[in-house]
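Colleague: One letter stands for each residue in the lines below.
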Amino acid sequence: MAKVARQVVEQAGIDVNVLLDKLLRAAGAEFTTFYYYTILRVNSIGFDGEGLKEIIEDARIEDRNHFEALTPRIYELGGALPRDIRQFADIAGCPDAYLPADPRNMSAMLAVLVEAERCAVRTYTDICNMTFGKDHRTYDLALAILHEEIEHEAWFSEYLSEGPSGHFRRGSPGTSPYVRRFMSAEIG
Amino acid sequence: MALWKLARAAEIPPGQTRFVWAGEAAVLLVNYRGAIYALSGICPHRNNPLEGAVLWGHLVDCPYHHFQYDVRTGENHFPKNVYPEDMPQLEQQVRPLRSYRVEVREGDVWVDLG
Numbered sequence: 001m002a003k004v005a006r007q008v009v010e011q012a013g014i015d016v017n018v019l020l021d022k023l024l025r026a027a028g029a030e031f032t033t034f035y036y037y038t039i040l041r042v043n044s045i046g047f048d049g050e051g052l053k054e055i056i057e058d059a060r061i062e063d064r065n066h067f068e069a070l071t072p073r074i075y076e077l078g079g080a081l082p083r084d085i086r087q088f089a090d091i092a093g094c095p096d097a098y099l100p101a102d103p104r105n106m107s108a109m110l111a112v113l114v115e116a117e118r119c120a121v122r123t124y125t126d127i128c129n130m131t132f133g134k135d136h137r138t139y140d141l142a143l144a145i146l147h148e149e150i151e152h153e154a155w156f157s158e159y160l161s162e163g164p165s166g167h168f169r170r171g172s173p174g175t176s177p178y179v180r181r182f183m184s185a186e187i188g
Numbered sequence: 001m002a003l004w005k006l007a008r009a010a011e012i013p014p015g016q017t018r019f020v021w022a023g024e025a026a027v028l029l030v031n032y033r034g035a036i037y038a039l040s041g042i043c044p045h046r047n048n049p050l051e052g053a054v055l056w057g058h059l060v061d062c063p064y065h066h067f068q069y070d071v072r073t074g075e076n077h078f079p080k081n082v083y084p085e086d087m088p089q090l091e092q093q094v095r096p097l098r099s100y101r102v103e104v105r106e107g108d109v110w111v112d113l114g
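Protein chains in written order, with this note's numbering: chain A, 1 to 188; chain B, 1 to 114.
Just chain B, with the same shape it has in the complex (with noise of 0.2 Å):
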């Protein structure tokens, strides 16, 4: 286990979303309706950072080619959710963002990044 503490939990309004780095880790951190979300950084997509990502509902939009992650799962929901079956080359595209857990502990946000 691997905490790091990323940011203040003020400064990330629910709605927002704040790109942070670890290390040499890329982290995502999301408020969702009060509750903060870590997530993988780096859309698996292209490699593009999810710097200036939008929160539409529970779903994070990479700012380069709107590919949409699941806030609460990293799973992808768009474009996996109409790319065709038969076309399995495309699953590599559509990958999930990486999940972290998160602890709140007086204001700060602590991310375990394993």
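Excised from the complex, chain A in its bound form (with noise of 0.2 Å):
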């Protein structure tokens, strides 16, 4: 634990305990949601060419980066993993993305893609409402794992004809423009 790093959190108002409990749930919610996308990018064969299963790569590598990325934050505030993973799961904060009855069907596909991203973005908008101008370094993080889950809704919904996403995949599967700074590991 950073105990200067938690002390000035708590001294700025925050229930570090409500925070840790928040951050917990949105890490479970990534890890969960990386296994989950990994079995709907497996079952997107041919839906249009191949190019679904680009982009849900593409949010299947960064939630797992956002997982990364949230883990040292979580022990630097004096909180931890559960020690059985299963119990991880359970805090999970969104639902679980299940692959659909019809993996032939593609709407049905972005349904949940398109849900579970909305799920991240009220997550992290409610971490973000939480610590900004409190908890400098959370709020940091926050806003970046937003703005890729932003990102990422932006494309299912545009595969659903809700209007375009203003912007284009990433160059390379994965690549977290605005997470990376955050990681240990190399990615991209």
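To be clear, the hints were calculated from the coordinates, so they are not data collected in a lab.
One should not assume that every hint holds.
Per the computed footprint, the stretches of chain B lying under chain A, defined by three or more beta-carbons under 8 Å from a beta-carbon of chain A, are [unchecked claim]:
(1) 29-43
(2) 64-74
Between beta-carbon pairs, the in silico distance windows are [what the hints assert, rightly or not]:
(3) Gly166(A) to Glu11(B): 51 to 61 Å
(4) Ser107(A) to Gly23(B): 42 to 52 Å
(5) Trp110(B) to Asn105(A): 38 to 48 Å
(6) Arg83(A) to Met87(B): 24 to 34 Å
In this text, a Cβ means the ideal position worked out from N, Cα and C, and glycines have one as well.
Assembly of the complex is requested from the two constituent chains, each provided in isolation within its own frame, with the hints serving as guidance.
Modeller: Structure representation (structure tokens):
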């Protein structure tokens, strides 16, 4: 634990245990989503050529990156990942992104994907609102993740013909243009 | 009929929620577009209290797992809308919130808890 790092957050008026609960739930959601997106990706055969598969892969890898980036902050603040991965999955802050009953139904698959991203956008908006002006490091991290989750939502929303996303997929899979500066491992 | 006075209407501005206890019953009061709604205050997914629930449009968002409920009916919206129909064991997770009748009298919010 980074003692003073936690103290300054507490003294700014944040209940660190509540914040840690939110960060753990967010990390759990990233971890489980990485797992479920793996299943969605391998089943997205031939949807829009292989275009949808590539975008799911970007989102999948970036969600894993979000987990990697969140974890050090949890420990800095005195928290810890649950020892039992089943408990970690149970506290995940977003519902499981199950493969649709008909895996050949592209609209059903896109609905799962876009709803998962919308849940993530709400999650990080909540953390940003809680930490803004008080916990600069967590805010900076949550905002970086929020940028990427919003782009993921826009990509899948575009596929659902809800309107243009305004941007294109990554140059190589899951490069995390906003979160990569928080990563210790080489990515992209 | 068991009417409980649970809040002043002015304490729940539009777009806001308020979590209260009525005896042993947890109740979530919601102001959606100026109308007050009352729902069970316990999310049926994992029985977590809906204290701090956020309203997004007409959907109440559970702060624990972000399950969403239609404030007007209590019906689960998300993840029911994407849960696969070939996994019936998930239906238990997406049961509706109980919805209660509300009367606002002279600025007081009265809820019929039955």
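Colleague: Could one say that the CB atoms of Gly166(A) and Glu11(B) fall in the range 51 to 61 Å?
Modeller: About 40 Å separates the Cβ atoms of Gly166(A) and Glu11(B), which means 51 to 61 Å is violated.
Colleague: Given a hint of 24 to 34 Å, does the C-beta separation of Arg83(A) and Met87(B) actually sit inside it?
Modeller: The hinted range 24 to 34 Å holds for Arg83(A) and Met87(B), with Cβ atoms some 28 Å apart.
Colleague: Between the stretch 29-43 of chain B and chain A, see if three or more residues pass the 8 Å beta-carbon test, and mark the coverage as holds or violated.
Modeller: violated (count 0)
Colleague: Could you tell me whether the CB distance from Trp110(B) to Asn105(A) stays inside 38 to 48 Å?
Modeller: holds (46 Å)
Colleague: The stretch 64-74 of chain B covered by chain A? Criterion: 3 or more residues, Cβ-Cβ distance below 8 Å.
Modeller: Holds, because 4 residues of the stretch 64-74 of chain B bring their Cβ atoms closer than 8 Å to Cβ atoms of chain A.
Colleague: Measuring from beta carbon to beta carbon, are Ser107(A) and Gly23(B) in 42 to 52 Å?
Modeller: Holds: the Cβ-Cβ distance is about 46 Å, inside 42 to 52 Å.
Hint violations for this structure: numbers 1 and 3, all remaining hints satisfied.
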